[in-house]
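Number of protein chains: 2
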Amino acid sequence: MKITIQKTTNPKPIPKDDSKLGFGRIFSDHMFIMEYTAGQGWHDASIKPFQDIPLSPAAMVFHYGQEIFEGLKAYRTADGSVQLFRPEENFKRLNISAKRLVIPEIPVEDCMQALTELVKLDEAWVPHSDGASLYIRPFIFAKDPFVGVRPGNEYYFIIILSPSGPYYETGLNPVSICVEENYVRAVKGGMGFTKTGGNYAASLIGQDEAHNQNFAQVLWLDGIEKKYIEEVGSMNIFFVIGDEIITPELNGSILSGITRKSVIELCQNWGLKLSERRLGIQEVSDAYDRGELKEIFGTGTAAVISPVGLLKWGDKVMEINGNKIGDISAKLYDTLTGIQYGRLADEMGWVKKV
Amino acid sequence: MKITIQKTTNPKPIPKDDSKLGFGRIFSDHMFIMEYTAGQGWHDASIKPFQDIPLSPAAMVFHYGQEIFEGLKAYRTADGSVQLFRPEENFKRLNISAKRLVIPEIPVEDCMQALTELVKLDEAWVPHSDGASLYIRPFIFAKDPFVGVRPGNEYYFIIILSPSGPYYETGLNPVSICVEENYVRAVKGGMGFTKTGGNYAASLIGQDEAHNQNFAQVLWLDGIEKKYIEEVGSMNIFFVIGDEIITPELNGSILSGITRKSVIELCQNWGLKLSERRLGIQEVSDAYDRGELKEIFGTGTAAVISPVGLLKWGDKVMEINGNKIGDISAKLYDTLTGIQYGRLADEMGWVKKV
Ligand SMILES: Cc1ncc(COP(=O)(O)O)c(C=O)c1O
Ligand SMILES: Cc1ncc(COP(=O)(O)O)c(C=O)c1O
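As they're listed, the protein sequences go chains U and P.
Quick note on numbering: the first sequence equals residues 399 to 752 in my numbering.
Quick note on numbering: the second sequence equals residues 399 to 752 in my numbering.
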């Protein structure tokens, strides 16, 4: 793929204080953009100064939500180099989302080329402090100026970069989450296994009500029986019950997280008993009552491992591991961040130097 | 509400041949736009030349689908005046969608004022031929340049106008539809009762597969048991079984259509037996086998009444009323379009002159 590069003549100052970065608010100097036109395919790949995109108010994305995205990070290692964590997995998943949303696919190699050239150009934007990283957001949306329900004939594929601080500013502390019992985020046959706007739009109201009760996140149940655990707002979820580590199986309504996949592979390597299976909230609650619910943790690119200290289900509030980080959560966090930041050897072949 | 008006200095030619308008492709000279900022509320209402909107690539609408819309029409009457059909209902529904999507509401009076001033200014764009109309698309989306899942702090509310031809160019002919058995559009607890992008995005793949089999639309079943009839892509649906007219009840996963509501009110006025209730696809199929399935029709702003001539469920293809328009469908179509175009007296008080 030929990528035209137009460098900014007006570079922005790179933030000096990583502790003030926050998450997803600041954007680097450049972006990748490529266009799709029916009959012509993907064309005009370019890297340009980060800039506003002019769109007709009739552009389909404003009306029919035909949009997908990905999220991954570039990490600065101790020797100053920059590396990515399993980036091909993100672009494979982008294409899985594309298929469900009737969006034209993009070869993974082309995505990787676009990403690599962009990150190289804006390499100075990758933060240097531990826990900080360059968050990468690839996304595709339909842009035809047409007000009618059908798949778009025109799309943009864009990648933007956002230097971001540690997800939890106070370090790896347990979060409180609550089971959502009224709203549904996704259902089998729907779009839950994809990263598309509608899933997140559907989740806002539950998240909002959880925040009002001082919970950080919602734990979603299946949309059919409202009994089985699915995932957290933007994390997959794991439970340690006795000596079994359990995470909900990929059933079509939850996202196949890359951190989830990595955690499963690590646990298996370590000889731990790991099950991907249907898990009822009742089973979790019963295990708690028996004193066998040892740890709960979320997994996702943003926070890597997020230990859960409190789990609320109806009137019952379960305190997990004395609201402290558990051993397995801690070991997974240290291992994954160790590999991501290059402190540990990359025995799994997960890391890609830029 | 104070609306600033900036007229175009470069008016576009108004299409002369209504038969070439199509649907949702052409836009009038002006648009209404108003902005929301957290802490400040809705502000800067204005009518401007129809123009592109510049947005940051990080604008939330591209990523998290926090967007809602409405669809209604302005009709040209024989005396040359312009009128709307139950427009307040659309803005009430816009606010119902807003609540579910955690979008700030807009008073119905303000919406009506915006709409009325805009349609007055672009009145010449309302087509003159029968069956043609000015399609009106109000919509709201989150626009903050922020890449993280939370409700937006900044929104646009926009109204655009599109002169459109008759929905079916060949006149009121029966359409073929097929029952969707793999994909789910919406589920109880989700967003099915709202007009938000995600519902339509979820439906594209089913619609696409139906088109490939030469069906015009998909008939969606409930997402939980996959047994009960919900609605068609962008229409509600009615069945005449024996002397009962049945439409699925509003259960949280289907849209409360304004045409649906009007059809129910008309049927009740006419003394027909009308039920809003759960209706299984098996019940429909059984009625067909007994020879009691008299008519099926969809209802929606775009096509008003759309008779269904063929209904496919699995391997079974049901031909309804000899693939001809039924009496009730025809009477409803004539009555509704009669009121909309001012040929019939507006006894229900549904029409609003602009
Ligand atoms: C809904 C949802 N589930 C799970 C995840 C975790 O996936 P990953 O580990 O690939 O970041 C994310 C975030 O990416 C998400 O948005
Ligand atoms: C999903 C859906 N159902 C039903 C309808 C019909 O609603 P109305 O009669 O208000 O146009 C529409 C179209 O507006 C729709 O998009």
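No wet-lab data here; the hints were simulated from the structure.
It is possible that some hints are incorrect.
Stated by the list, open to error - Derived list of chain P stretches under chain U, where covered just means 3 residues or more per stretch with a C-beta under 8 Å from a C-beta of chain U: (1) 494-504; (2) 660-672.
As the list claims (entries may be wrong) - Here are the simulated DSBU-like pairs of lysine-lysine, each with C-alpha atoms no more than 35 Å apart in a straight line: (3) Lys586(P) to Lys714(U); (4) Lys414(P) to Lys490(U); (5) Lys497(U) to Lys410(P); (6) Lys414(P) to Lys586(U); (7) Lys446(P) to Lys418(U); (8) Lys490(P) to Lys446(U); (9) Lys714(P) to Lys497(U); (10) Lys659(U) to Lys624(P); (11) Lys518(P) to Lys586(U); (12) Lys414(P) to Lys710(U); (13) Lys586(P) to Lys497(U); (14) Lys497(P) to Lys497(U); (15) Lys497(P) to Lys710(U); (16) Lys750(P) to Lys625(U); (17) Lys446(P) to Lys625(U); (18) Lys446(U) to Lys410(P); (19) Lys446(P) to Lys586(P); (20) Lys624(U) to Lys446(P); (21) Lys659(U) to Lys586(P); (22) Lys410(U) to Lys446(P); (23) Lys750(P) to Lys414(P); (24) Lys624(U) to Lys586(P); (25) Lys624(P) to Lys586(U); (26) Lys714(P) to Lys586(U); (27) Lys446(P) to Lys446(U); (28) Lys659(P) to Lys586(U); (29) Lys518(U) to Lys418(U); (30) Lys714(U) to Lys750(P).
Glycine is no exception: its CB is placed at the ideal position from the N, C-alpha and C atoms.
A quick look at each hint next to the structure:
Given a C-beta distance limit of less than 8 Å, the hint that chain U covers the stretch 494-504 of chain P holds, as 3 residues qualify and 3 suffice. Residues of the stretch 660-672 of chain P lying with their CB closer than 8 Å to a CB of chain U number 0, which falls below the three-residue condition for coverage. Only pairs whose Cα atoms come within 35 Å are accepted, and lysine 586(P) paired with lysine 714(U) is accepted, the gap being roughly 25 Å. At roughly 49 Å between alpha-carbon atoms, lysine 414(P) and lysine 490(U) are farther apart than 35 Å, so this suggested pair is violated.
Taking the CA atoms of lysine 497(U) and lysine 410(P), the gap is near 38 Å; set against the 35 Å cutoff, the hint is violated. Proximity of lysine 414(P) to lysine 586(U) is assessed by CA-CA distance (about 48 Å); at most 35 Å being required, the pair is judged violated. A C-alpha spacing of about 39 Å is found between lysine 446(P) and lysine 418(U), which places the hinted pair above 35 Å, so the restraint is violated. The straight-line distance between the Cα atoms of lysine 490(P) and lysine 446(U) is roughly 43 Å, outside the 35 Å bound, and the hint therefore fails.
Distance restraint check for lysine 714(P) and lysine 497(U): the Cα-Cα separation of roughly 28 Å lies within the 35 Å cut-off, and the hinted pair is therefore satisfied. Taken as a hint, the lysine 659(U) and lysine 624(P) pair is honoured in the structure, with Cα atoms around 31 Å apart against an allowance of 35 Å. Our distance criterion of 35 Å between C-alpha atoms is broken by lysine 518(P) and lysine 586(U), whose separation comes to about 46 Å. Simply put, lysine 414(P) and lysine 710(U) have alpha-carbon atoms about 63 Å apart, too far for the 35 Å limit, and the pair is violated.
With a C-alpha separation of about 25 Å, the suggested pair lysine 586(P) and lysine 497(U) falls inside the 35 Å cut-off, and the hint holds. For the hint pairing lysine 497(P) with lysine 497(U), the CA-to-CA distance comes to about 30 Å; that is within 35 Å, so the pair holds. Proposed proximity of lysine 497(P) and lysine 710(U) is supported: the alpha carbons are some 25 Å apart, at most 35 Å. Restraint check for lysine 750(P) and lysine 625(U): the C-alpha separation of about 48 Å exceeds 35 Å, so the hint is violated.
Restraint check for lysine 446(P) and lysine 625(U): the C-alpha separation of about 51 Å exceeds 35 Å, so the hint is violated. As the CA atoms of lysine 446(U) and lysine 410(P) are separated by approximately 33 Å, the hinted pair is consistent with the 35 Å bound. The suggested pairing of lysine 446(P) with lysine 586(P) is violated, with an alpha-carbon distance near 40 Å, which exceeds 35 Å. At roughly 48 Å between alpha-carbon atoms, lysine 624(U) and lysine 446(P) are farther apart than 35 Å, so this suggested pair is violated.
At roughly 30 Å between alpha-carbon atoms, lysine 659(U) and lysine 586(P) fall within 35 Å of each other, so this suggested pair holds. The hinted pair formed by lysine 410(U) and lysine 446(P) meets the criterion: a straight-line CA distance of about 33 Å does not exceed 35 Å. Between lysine 750(P) and lysine 414(P) the CA atoms are separated by roughly 26 Å; this keeps the pair inside 35 Å, and the hint holds. Annotation: proposed proximity of lysine 624(U) to lysine 586(P) holds, straight-line Cα distance about 11 Å (limit 35 Å).
This hinted pair checks out: lysine 624(P) and lysine 586(U) have alpha carbons roughly 11 Å apart, not beyond 35 Å. With a C-alpha separation of about 25 Å, the suggested pair lysine 714(P) and lysine 586(U) falls inside the 35 Å cut-off, and the hint holds. Distance check on the hinted pair: lysine 446(P) and lysine 446(U) sit about 30 Å apart at the alpha-carbon level, within 35 Å; holds. In summary, the hint linking lysine 659(P) to lysine 586(U) is supported, as the alpha carbons are separated by about 30 Å, within the 35 Å threshold.
Pair hint lysine 518(U) plus lysine 418(U) holds up; C-alpha atoms about 24 Å apart against a cutoff of 35 Å. The hinted pair formed by lysine 714(U) and lysine 750(P) fails the criterion: a straight-line CA distance of about 53 Å is larger than 35 Å.
Of the numbered hints stated above, those contradicted by the structure are hints 2, 4, 5, 6, 7, 8, 11, 12, 16, 17, 19, 20, 30, listed in ascending order.
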